[in-house]
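K.L.:
Sequence:
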Amino acid sequence: AKLLTDIETYADEMMLKFITGKNGRENSSFLHSVIADKVKNENSDVILIVPKQYTFESDTGILDILGPKDACKVDVLSFSRLAFFVLKTCKGIKNPPLEEGANAVIMSLALESVKDKLRFFSRHISNIAFIEKMLSEIKEFKNCRITSEDLFSAARKLPEGLLRQKTEETALIYEAYNTLLSKSFYDDNDLLSIVYEILLENTFFENKSVFIDGFSSFSVQELKLISVMLRDADDVYVSLLSDNIKSIDLSSPFALSNETARRLINESAKMNVSVSDKALISKEKERSKELSFLRDNIYKSTSEPLGKDVNDLEIICAKDLRDECDAAARKIKRLMRKM
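Just so we're aligned, residue 67 is where the sequence shown starts under the working numbering, counting upward by one.
Each statement offered as a hint is correct.
Below, a list of computed lysine-lysine pairs in the DSS-like style, where the Cα atoms sit at most 27 Å apart:
no.	residue 1	residue 2
1	157	205
2	290	83
3	118	199
4	199	183
5	397	88
6	274	157
7	312	336
8	336	274
9	88	366
10	205	118
11	399	355
12	374	88
13	249	205
14	135	274
15	118	274
16	290	154
17	312	366
18	355	88
19	88	312
20	199	232
21	139	83
22	223	199
23	232	181
24	290	312
25	205	154
26	160	290
27	154	139
28	290	205
29	355	397
30	83	106
31	336	83
32	183	223
33	154	135
34	249	199
35	290	118
36	139	274
37	355	366
38	160	118
Hints are computed from structural coordinates only; laboratory data are not their basis.
My request is simple: use the sequences and hints to build the entire structure.
P.N.:
This is how it looks when you write it as structure tokens:
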């Protein structure tokens, strides 16, 4: 009853709301409770976004707390699955996706088309390793929403020299690759950016509550999608592993999550969306004081000793990673036999 009262009070206004705690499983369980309240008491349409590898586990958690009938009101999606869901609804892409392996062919053709303009990279255009390296770089550019025009602009600001030349040639290759690709296909690495442009012209998230769980950080593409959610959705809840999202302590084990919270708050400011001045904190069921002590102190430069006998931690000296994993697996097997 106390939990539901807190949720009802917290959900009065439409804003970005954080759910925080030190234990990811407890955070997810708490978030599922908030979703259950939304579905049962407000009859809301809910989208739960989780990392791809957690969709089955999250589906199971929602089914357990809501039952089969109400669980159908919650769409559990990864960001990539959300993108396909949007495309199906809004019908935004005509070209088929680029098949796996075909990107190397496109890159080879792109290099061939600009070889006369290359100086530094000219001797590498037939090298398979170089082709794979360029594809990896382009994937990173697209995840960060960096265009070939951005690279050309950056190159113009650099002094004459090797770095400027390499930047210009990378931009030239990137531009040629995109030109060839766009004639017949779309790149999966562009999918979230394409969907973002589609969502700007649609109200896909209108009258929906969005919950985001299981992430410690977001790519630039994912942040842009979240910005549209903030613009259109009734509520946006984000679960993060943290004891204090306002902390700027870089030695904290939750420093990455806290930085993510700051990025989301900045994104909310751009969208003129208010942020709750308090975070819902899931109550952790402490299973081991020793493990909790290790988690809270492992990254600190100084800390006080626990001051008691330790039973839940064990130090193993292994000659390599394989032996370390083998020792851990054997320990798990012994413990399971005792259960």
